[in-house]
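S.K.: Sequence:
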Amino acid sequence: LHCLTLSCYLGSYRITMIRISLLLCSALWATPAVAFVAGARSSSTARPSFIQSAATDTDDILKPPYEIEPLSLRIGHGFDIHRMAPLQDAGQPIVIGGVTIDHKDQKWTDADGKYVEKGGIYETQLGVVAHSDGDVIYHSLVDAIFGALTLPDIGQVFQDTDPRWKGCDSSKFMEYAQEVMEGYGYQIGNIDVTLILERPKVASFKPAMKENIVALLKTTPGRVNIKARTHERLDSVGELRSLSCHVVLTLERA
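The numbering of the sequence shown is the working numbering, which starts it at 371 and goes up by one.
One or more of the hints may lead you astray.
Derived DSS-like pairs: lysine-lysine, alpha-carbon spacing no greater than 27 Å straight-line [as the list claims (entries may be wrong)]:
#1 488 x 477
#2 542 x 488
#3 588 x 474
#4 571 x 477
#5 576 x 477
#6 571 x 488
#7 576 x 542
#8 542 x 433
#9 474 x 488
#10 433 x 474
#11 576 x 597
In short, the hints are calculated from the structure, not lab data.
Note that this is a predicted model, so its numbers are computed, not measured.
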């Protein structure tokens, strides 16, 4: 009788332990796997806190009412163009890729006849006419990142009528674009920059531009390329009255 009672007790104990084990397993399987990964996103479609928004929020245009789908790869294109003028008129130097372009006097075409006869050549130091610092590479990169994420263009986000951006260092725009990109769960795949200007020559400045881009967008040198070309003396770019830039980039899931 005692043996039978002990056997029943042990059997009941085993059943109880089995039930406890099953409950623990169920709890573990029911917990999202990301809870066990430090720093993982809790949901692949969850919006980061700094861009949480109701559909009716029209103040922040980086808070769209639609889902920015977690695609594995996104492609963006950015373009920017700015006028160049004598430094005394522009009021600021040429800054490209975060680098101030020091140069000799250049043969600028005076289309309006302010300094020489209309259409004549005026040799002068050049600057960029812009609301901010007029950095065409940085502006194109920001535009490409926003475009890849289906967000509005840089001109809508950083409006040239807003006094806050007057003379602003465009690295601030880059830092913000990086924050937005990272917040949506992306990082730079690769970047291809095409800078278009007749003069001054910028080949010696390209390594520093690349270093700046790599640092600001938290990527690596093997993912960033910068090309520069002239405009074969055609149009305003060829006459040194403007410079422009195209950027194509990919974003990949971080």
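S.K.: Tell me, which hint numbers fail for this structure?
M.R.: Of the numbered hints given earlier, those the structure breaks are 2, 3 and 10, listed in rising order.
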